[in-house]
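Under my numbering, the very last position in the sequence shown is 959; numbers go up by exactly one each time.
Hints are computed from structural coordinates only; laboratory data are not their basis. Treat the hints loosely; a few may be bogus.
Said to hold, decoys possible - Lysine-lysine pairs mimicking DSS-like chemistry, simulated, CA-CA at most 27 Å apart:
no. : residue 1 : residue 2
1   : Lys-814   : Lys-920
2   : Lys-889   : Lys-814
3   : Lys-884   : Lys-898
4   : Lys-867   : Lys-889
5   : Lys-867   : Lys-843
6   : Lys-767   : Lys-810
7   : Lys-940   : Lys-843
8   : Lys-889   : Lys-810
9   : Lys-767   : Lys-844
10  : Lys-810   : Lys-871
11  : Lys-843   : Lys-898
12  : Lys-920   : Lys-884
13  : Lys-889   : Lys-843
14  : Lys-871   : Lys-884
15  : Lys-871   : Lys-844
16  : Lys-844   : Lys-814
17  : Lys-843   : Lys-920
18  : Lys-898   : Lys-810
19  : Lys-920   : Lys-867
20  : Lys-814   : Lys-767
21  : Lys-867   : Lys-884
22  : Lys-898   : Lys-844
23  : Lys-940   : Lys-884
24  : Lys-814   : Lys-898
25  : Lys-940   : Lys-814
26  : Lys-898   : Lys-867
Said to hold, decoys possible - Pairwise CB distance ranges (calculated):
no. : residue 1 : residue 2 : range
27  : Ala-779   : Gln-876   : 25 to 31 Å
28  : Ser-701   : Arg-783   : 22 to 28 Å
29  : Asn-740   : Arg-803   : 22 to 28 Å
30  : Leu-835   : Arg-897   : 30 to 36 Å
Positions of the beta carbon are idealized from the N, C-alpha and C atoms, including for glycine.
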Amino acid sequence: MENAKHTFDFEPFADTPEYLRVNGEIVRSWIELIVERGMNGVDSILDIATGAGTMVELFIEQLPAHWNPPVVKCLDQSMEALCLAQQRLSKRVVKLLLVHSPAEEMAIPERSIDIAVWGNGIHYLSEEAQRRSIMRVKRVLKPGGLFFFNTSFYDGARPSDTLSFYRAQVKKAVEFMRAAGIQRVQNESRPEASKFLSKSYYEQLVVEANFKLEEVKEVTANLYRKAWEHISGFHQYATGALHGYPPKEASLAMKNAVSPVLEQYGMKDELGIPYIPRNWLAISASS
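Given these sequences and hints, build the entire structure.
Below, the structure is given as structure tokens:
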């Protein structure tokens, strides 16, 4: 799971054009589903692992303009994250409630939420914690309520023709650390975000919690150098790629490895600027 430091590290990526573009596209598809189901308003939204509130902000911005503003509950186990979300959302949300809790321990009244959103966070939990969290989501949703989540850490996230980039980045980062005399420690546990679970696993996860699976889609984003530097400097990402190395040094080495490796292995856009595509998995389910 992410803690305050992890949230702080990751938020610069959440504000990149690539992140906002791909998640904005996903959110649009979710809202289209809400409208198609005949809902004429949303009274309450729960944003799980809110971080700085980026996902729920995208969600609110794209709700039909004539709908009444919903009550928004932001849940996170990091107080720093909740403070960031409050700063970001206080002028946009009429009624904002902050809930300091891990997702798997959320204590929110049953059948009180219309929409639950979990953006880019489920992969930080163990499989058991994911199951407990989704069971909690099921209990807090009203009958017919909707649950939306996405992840870019699953076994389809990295197209096969991009794997050379990831391997080369790790190799280059290890070279940087060895040159600095930094040694690997063997007895650390592997972060959950380094486990790439399958699309079918996530589909089954919601079905086993008695949700009805509504839509499963994959969306591709082309990520450029600055985005990759933000991602690579994120503690959980770096320690997952460089298992056993000190987190601070691993983050710096992975970040510094981006530019030379992207130049060599990246695809080029029409302006000749290198990028690497990455896929997001987005799942919609009803209670």
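Violated hints - listed by number, lowest first: 1, 3, 9, 12, 13, 15, 16, 18, 23, 24, 25, 29, 30
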